[in-house]
Amino acid sequence: MRHPLLLAVLTAVALLALVEVAFRERVKSSYIPERTLASAIAAGDGCVVTLGDSRMVAGVRIPAFGRELARAGTARCHAQLAIGGAHVVAHYLALRRYLAAGRKPKLIVLGITLESALSRELPPDGMIGNQAVALGWSEASDVTLIYPGFPARDFDSGLRFLMKRPFSLTAFGSLAWLRVQAMQDRLVGNERGPTNQFGAVADMQALARSLTRDVSDRIEGFPERVPLHPAFRALVDLAFTHGVPLLLVELPMPAAFRRALTASDRAPALRAELVALIERRGGRHVDLGEPAWLLETHFADGLHLGPEGAERFTAELAAVSGRAPAAR
Amino acid sequence: MSRLAALFEILGGARPLPARPERSSVAALAQGVYWVLLLLLTLSFMGRSAKFIYIDF
Chain A
1 MRHPLLLAVL TAVALLALVE VAFRERVKSS YIPERTLASA IAAGDGCVVT
51 LGDSRMVAGV RIPAFGRELA RAGTARCHAQ LAIGGAHVVA HYLALRRYLA
101 AGRKPKLIVL GITLESALSR ELPPDGMIGN QAVALGWSEA SDVTLIYPGF
151 PARDFDSGLR FLMKRPFSLT AFGSLAWLRV QAMQDRLVGN ERGPTNQFGA
201 VADMQALARS LTRDVSDRIE GFPERVPLHP AFRALVDLAF THGVPLLLVE
251 LPMPAAFRRA LTASDRAPAL RAELVALIER RGGRHVDLGE PAWLLETHFA
301 DGLHLGPEGA ERFTAELAAV SGRAPAAR
Chain B
1 MSRLAALFEI LGGARPLPAR PERSSVAALA QGVYWVLLLL LTLSFMGRSA
51 KFIYIDF
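These protein sequence lines are chains A and B, in that order.
Anchor point for the first sequence: position 240 equals 240 in the numbering used here, and the numbering is continuous, going up by one each time.
Anchor point for the second sequence: position 29 equals 29 in the numbering used here, and the numbering is continuous, going up by one each time.
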């Protein structure tokens, strides 16, 4: 054997390529955001698309929302594209993939809270779980959307983003960690406590507390220190260029969060900027953050609406969707 | 026991490395597979968990 090292390297490269292809297929069939996207595309044209994070997943009941839309003659179907634990970058990329598949929706409903539209750091190492769609669903040119000013600023993060995103093994490697983590938990007897469809209830409660703690500070930084996220603007522009009206909905949140949000002097200015941006692009804004029917007991885990709250929210969302502007 | 002692002496630098045997094609292929296994094991155990459920194997 004259070149054993060369043969070993070629074997490793060929095997890695096979593993990469197999892993890519596994991601397509098992990764919840991929399955969500596939279902939304399969729903067909003329749907109302719902975008947002886990609060939208919990709040919009399926199939009740689609039934309400059809009954009121608003749209023939509902395409659910909300992704739990995901950031506005993921909402934008999900919508871009959905539209790139040739779908022609009737209306796009984006459910957020005000501070979700603001910029925040998104290091490549933090793009795990559902956030990994920022790697796996992105294009190389998105580096300046996620790291504005790259390469003059955030060079390290931008470079690592560019290196991780082309391969499934690096973009979605975190999917293997969940299984490893579960094995480790079983091995050492770690109890995760009660869980719901999003994860451990204790984690969701901790997340609600951290959102409440941070909301004032983030909004106080608007617009100088914490501007609107470029992905939010890109999402609004994307809907506009496809001639689809965008309905921006502020989501119901627990009283403590709403108090913290409204305590910020900059909240009205941020809301006014979002409304102006949306309306310039033919869309509409609706604040369902504190509807009259809302009770604290409607939040099943301190953050997400439980069945009763979701039922009421779904009905109200269907009603406001019917009053949204028509597609151009 | 003496082989184990010899191994420790090599690892510790007290004894020179043995001469490398002639490499066969099968050994080279096995080495390539071994590298990939090590890489996959590293990738699987290098991470941290996420709070949100995101996969349904």
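To be clear, the hints were calculated from the coordinates, so they are not data collected in a lab.
The beta-carbon is built from N, C-alpha and C at its ideal position, and this holds for glycine as well.
Some clues are possibly wrong.
[Stated by the list, open to error] A short, non-exhaustive set of chain A residues, derived as facing chain B with CB atoms under 7 Å:
1) Leu16
2) Ala17
3) Leu18
4) Glu20
5) Gly173
6) Trp177
7) Val180
8) Gly189
9) Gly193
10) Pro194
11) Phe198
12) Gln205
13) Pro227
14) Thr297
15) Ala300
16) Pro307
Here's how the hints hold up against the structure:
no.	hint	result
1	Leu16	holds, 6 Å
2	Ala17	violated, 10 Å
3	Leu18	violated, 9 Å
4	Glu20	violated, 11 Å
5	Gly173	holds, 5 Å
6	Trp177	holds, 3 Å
7	Val180	holds, 5 Å
8	Gly189	violated, 16 Å
9	Gly193	violated, 13 Å
10	Pro194	violated, 13 Å
11	Phe198	holds, 6 Å
12	Gln205	violated, 11 Å
13	Pro227	violated, 26 Å
14	Thr297	violated, 23 Å
15	Ala300	violated, 15 Å
16	Pro307	violated, 19 Å
Hints 2, 3, 4, 8, 9, 10, 12, 13, 14, 15, 16 from the list above are not met by this structure, while the remaining hints are.
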